[in-house]
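J.: Here the protein sequences line up with chains A and B, keeping their order. Numbering that gives the first Met the number 0 applies: residue 0 is where the first sequence begins, and numbers increase by one. Numbering that gives the first Met the number 0 applies: residue 0 is where the second sequence begins, and numbers increase by one.
Don't take every hint at face value.
To be verified - Derived PhoX-like pairs (lysine-lysine); straight-line CA-CA distance at most 25 Å:
(1) B/K173 with A/K41
(2) A/K52 with B/K52
(3) B/K41 with A/K173
The set of hints was computed from the structure by calculation and includes no laboratory data.
Listed below are the residues making up each chain.
Protein chains: 2
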Amino acid sequence: MGMLPDKAVPDIVIGRLPIYLRALAHLEAEGQRIIASKDLAKRLGMSSAQIRKDLSHFGEFGKQGMGYDVTYLRDQLRTVLNIDRRWDVALVGAGDLGHAIAYYGGFEGRGFHISCVFDNNPQKIGRRLGRFEILDAIELPAKLRELDIRIAIVAVPANAAQAVVDDLVTGGVKAILNYAPITVTVPAGVHVQYIDPVVHLQRMSYYLE
Amino acid sequence: MGMLPDKAVPDIVIGRLPIYLRALAHLEAEGQRIIASKDLAKRLGMSSAQIRKDLSHFGEFGKQGMGYDVTYLRDQLRTVLNIDRRWDVALVGAGDLGHAIAYYGGFEGRGFHISCVFDNNPQKIGRRLGRFEILDAIELPAKLRELDIRIAIVAVPANAAQAVVDDLVTGGVKAILNYAPITVTVPAGVHVQYIDPVVHLQRMSYYLE
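In isolation and in its complexed conformation, chain A is listed as follows (with noise of 0.2 Å):
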């Protein structure tokens, strides 16, 4: 069957999507060809029956008690997420995470690219970052306007982020991955997500004895 977009898809089942993506990848790395939702599930520390929901907003995806073809799941999987295409990232901060952020090899192949990294400290503008050549934060907006980026991350200390995220909004980004830890405010139809290694940690913290 075809893939039905629906929009009214809750956030929260978008979000699971990249999770089976990166399973299913990794399955056909290993050369696997079908995958038993019930398998799926247990790789992921899920229930099966929340996979079949969540992938039943888009279609259907297998026949009964057949599995999933595991090639044409990530396929579709990749339409529905908008990356069957190569979005072009800027990345806003060129200090140690900046660093490990633009060598960072898991981005190529799965939707993102890293195509211009700016920073506002005299010592660091005009000097390479890698393939990079380290461009001034001042020019943010007029530059992704130039470049129609849509897409940034956020890797400045938590007092610059605000500012940070400002221009971003300014130069027309409609997507942003935070790694400052401090909650930014953005007007709708700008989309946060926040890395912050603390707040994984607090979530396993609770099992802890």
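Assemble the complex: chain A is given as a structure, and chain B must be docked to it using the hints.
T.: Just chain B, lined up with the frame of chain A:
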């Protein structure tokens, strides 16, 4: 009212408590002493009904129409999440990402303290990373048991992550924050959370035109 810990609370609810805690810490830093659930909800882009329902698992934290006492609720959530103490954390991997994590200012005061750093690269073992001497990863299980460490952060390449996780489990670790872009397998009773920037980017690209 007192806190009523309830280990049957859904993990998805537990996962939101650190988000509330972060917002409360921010409100307290701003000098706000009381917050209405609707204002907290607005700040977090959630419904106030969801917040009230989540918190109701643990007791009654606000009087009808009176809002929440910011400091009291923060302290109660810290107790629920077992971070009214400080957990020592092992960091495995002393590359760019390990550096960024070792220097990250967001752990202290939020329940966690990196207490040792490991790597398997002979060029790095014995050298310093900030306040740490980099320890040999071959000693992981023994050292973790000696230091009674229950929580670890994995910042190694994908192809090394499962072996590191196995050593962590052997060493008695029960909670693992994995930055490597790979799903790892652990026995029952061991918790894993993933830091994968692409998962967050994919969740947002769904909404982009």
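J.: So which hints don't hold here, by number, going up?
T.: none
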